[in-house]
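Colleague: Protein sequence lines, in the order shown, are assigned to chains E and S.
Oh and the first sequence: position 210 is 210 in the working numbering, straight run, nothing missing.
To get the working numbering, take the position in the second sequence, counting from 1, and add 268.
No lab work stands behind these hints, which were simulated from the structure alone.
A portion of the hints provided could be inaccurate.
Below, in silico cross-link-like pairs of lysine-lysine (DSBU-like), each with a Cα-Cα straight-line distance of 35 Å or less [to be verified]:
{"hint": "1", "chain 1": "E", "residue 1": "Lys201", "chain 2": "S", "residue 2": "Lys401"}
{"hint": "2", "chain 1": "S", "residue 1": "Lys314", "chain 2": "E", "residue 2": "Lys199"}
{"hint": "3", "chain 1": "E", "residue 1": "Lys199", "chain 2": "S", "residue 2": "Lys478"}
{"hint": "4", "chain 1": "S", "residue 1": "Lys374", "chain 2": "S", "residue 2": "Lys395"}
{"hint": "5", "chain 1": "S", "residue 1": "Lys311", "chain 2": "E", "residue 2": "Lys199"}
{"hint": "6", "chain 1": "E", "residue 1": "Lys201", "chain 2": "S", "residue 2": "Lys298"}
{"hint": "7", "chain 1": "E", "residue 1": "Lys199", "chain 2": "S", "residue 2": "Lys298"}
{"hint": "8", "chain 1": "S", "residue 1": "Lys434", "chain 2": "E", "residue 2": "Lys201"}
{"hint": "9", "chain 1": "S", "residue 1": "Lys478", "chain 2": "S", "residue 2": "Lys374"}
{"hint": "10", "chain 1": "S", "residue 1": "Lys574", "chain 2": "E", "residue 2": "Lys201"}
{"hint": "11", "chain 1": "S", "residue 1": "Lys532", "chain 2": "S", "residue 2": "Lys550"}
{"hint": "12", "chain 1": "S", "residue 1": "Lys311", "chain 2": "S", "residue 2": "Lys401"}
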Amino acid sequence: MNILHYWRALSGIVGRELLRFLHQRERFVSALVRPLVWLFVFAAGFRAALGIAISPPYETYILYEVYITPGLIGMIQLFNGMQSSLSMVYDREMGSMRMLMVCPLPRWFLLSSKLIAGTAVSVLQAYAFLGIAWLDDIQAPPVGYLWILPALLLSGMMLGALGLLLSSFIRQLENFAGVMNFVIFPVFFMSTALYPLWKIKESSELLYILAEYNPFSQAVELIRFALYGQLNLQALLFTAGAFILFMAAAIFGYNPSKGMMVRKGGGD
Amino acid sequence: MQLIKIGGLGVVALFSLAVQAETVFVTLEKDNALAVVDPLAGKLVKIVPVGQKPRGIAISRDGKFLYVAASDENTIKIIDSDTLQETGRLPSGADPETFAVSPDGKLMYVSNEDDSMVTVIDIAAGKAVDTIKVGLEPEGITVSPDNRWVVSTSETTNMLHWIDVKTRQVVENTLVEPRPRAASFTADSQQLWATSEMTGTVVVVDAASKQIQHSIRLLVPGVSADLVQAVGVVIDNQRRYAYVALGPANRVAVINAQTYQVEKFLLVGQRVWNLAFSPDQKRLYTTNGLSNDISIIDLDEQKVGKSVAVGRNPWGVVVKP
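So that you can see chain S by itself, here it is in the shape it has in the complex:
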């Protein structure tokens, strides 16, 4: 019996090796297209048109559909992740840029920068079901993995707005450094990490008290402080490291998520914007808006392995297992 089990495990291991190949999708803001990259080969596979000014991108839980915010078309497109054909549209409101999908995959929360609100969309029904008033110029948006909180960051009000998923009301605000850009929860939903572009700061907020626990100022040796603009932030599932994209500083900060010390700055392409993990969290993909490429970071070694040219102004990135 034991032997069979071991044999079975071997087969599973082999199988998982075979299907490890993943696909990276990158929105190209200026090319109005979607770049498809094979990250293991380090090659651009193809570029397909996707709509005017594509920015935010997400993938459905089952990996079958991509959601792409086509900002100049005022819609979020649903794209089949295999055929790359448009299969539907969601009513996002004007000029959608960033959005977040709930952990159960049913709802989508879209930041409406010009209207200072968040639109809630029922994905299956393809309908907007609610709007929530938030601060001026909402930018980053995220949903906690336990599906309790939606957090919207407003660039001008300089606040994190905590929206209760059940009541769809803002129940709490956390004041942060100027121009908060992006926010991510830890996998256990206990902490929220949020970046502030103007000061190159990332704050760690306790999800229970909504109070800032740690504030980390990111200063890159040899790079002038005003170039250090914290943007995308992700934290690994074990909360060992957080990674913060530093915009025109052309670097990704590696922060020990236990000690809150910055351990390293990794050199990537110009104006690094958004970040995405590979499904096994062994790699991190960065979009470099000005150098028109993505960088692939090996997280075991914490080294940048390769940068792959993708097209003009890569913005958002998502990985399909």
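Next up, chain E with everything else stripped away, as it sits in the complex:
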């Protein structure tokens, strides 16, 4: 087993995912339409919603559109992570998962490849979204567009790992609606994507605590600071920690002899 095998497997998985992404043009469009609707319709009604406080990384007053842009990038990655978990369930139902899993490479490597593939797709989507936002005068300093790349990679991997972990629990495609209601919505709304922490604190202390320790919040803050050329160390460590945790659990979950596969009746 040499490095070439690993490379072949990685490029095969990433290539398949990118190809699938490019062929499903509707998926690309729908992945963009969702945050754009939030940006142009939802945010338009709340232009002055943030009141008068200025919180880092912002140095002056901002419109609501500017505030939720990093949150919507997080949303793109969250949905993408869940979507790849959906595709894992689909793969399992169709049998292509079996082909992947019998490949003589370590399981962690195969799952990581799958994750990198999903993240690559979400990064493309995020940049497309930022491009459209730029045209609407939501513009960050140029260096931010460079710094956001490593942030997007880490947050994409973290949310993808969460998706992987969930997919190890889901037996059938139909259960995805449950993921939507029990994971995506709470994770998204109980975060700093839509409102800053100080604003959440004004309404509820409990919600504030939930939002602060929500890994999605941390990923969004990491993206937000990076977009303004700054590093939020706490968000970086928290996001990296969450990634390692979710990934370890997902690798365990995909273990045919021990993990969730056993409970599901031997996997696919």
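Here the structure of chain E is known, so what remains is to put chain S in place on it, guided by the hints.
Modeller: Chain S alone, transformed into the frame defined by chain E:
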């Protein structure tokens, strides 16, 4: 020779880079103080007491002295711009708010709101030399760069009064929208831009005919019209853009001064009041009366870079090169 010239230019360029640092002075109406801001670092340097209810502020031509209207002390104070110590007082009349210094730096024209007149002060002598009757509640006041006209805006009479500098007589009046607040001449003295608070309007008046050439109604999308109250107005030296502070609309309007189209609204702090350019006109400083800060606008990019907290009720702003 050419080489020496180029070298000399290089030295000049370096030197000008080194001295580019400028200082922003802001009057704090409620703190009875003057805030000193380093705008390039975006930091408040210090706050010094300056007198009761300071509002209007100007700087002498050589940059050595600040003139600060201490409204509740019924005087205009002369402050050394380096030591920030008071060096003298000018007899402004009651409750001075706004005033303008003539381009040669010799005379000062002060609006006396309660007495409906303009007081003319000889700065060197420290004496009031004349008073000129104008409309009710004079507010904004400005002198044309060619030193021909003083224009006083009266809030209740809704007029711009054109005072001939030589005769010190009102020779013409221009009727404008209700509550005219501020007025500024273009650098070539050809046009006067004046704002009306009640209707959120800015008018462009031809200085030769004293007739309104253009009237621009400022409507901010998503902000109710009664919140759009036009106050401070400045025009850049090349007359490319005019900037108008919109009070409780919390925005500065960017108007193309050639086409008279509003190109942009820039979000700043609450109740934006007065405006001042940096000496190179690359930045614009705004005082935000209710959010207690000033906003620094990058004019090349037409973006608000930073807002700096300064103290309670920032009112007037002036820049020392």
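Colleague: Determine for every hint whether it applies to the structure shown.
Modeller: Right, here's what the structure says about each hint:
no.	hint	in the structure
1	E:Lys201 to S:Lys401	violated (56 Å)
2	S:Lys314 to E:Lys199	holds (31 Å)
3	E:Lys199 to S:Lys478	violated (51 Å)
4	S:Lys374 to S:Lys395	holds (11 Å)
5	S:Lys311 to E:Lys199	holds (26 Å)
6	E:Lys201 to S:Lys298	holds (30 Å)
7	E:Lys199 to S:Lys298	holds (28 Å)
8	S:Lys434 to E:Lys201	violated (63 Å)
9	S:Lys478 to S:Lys374	holds (26 Å)
10	S:Lys574 to E:Lys201	holds (25 Å)
11	S:Lys532 to S:Lys550	holds (17 Å)
12	S:Lys311 to S:Lys401	violated (43 Å)
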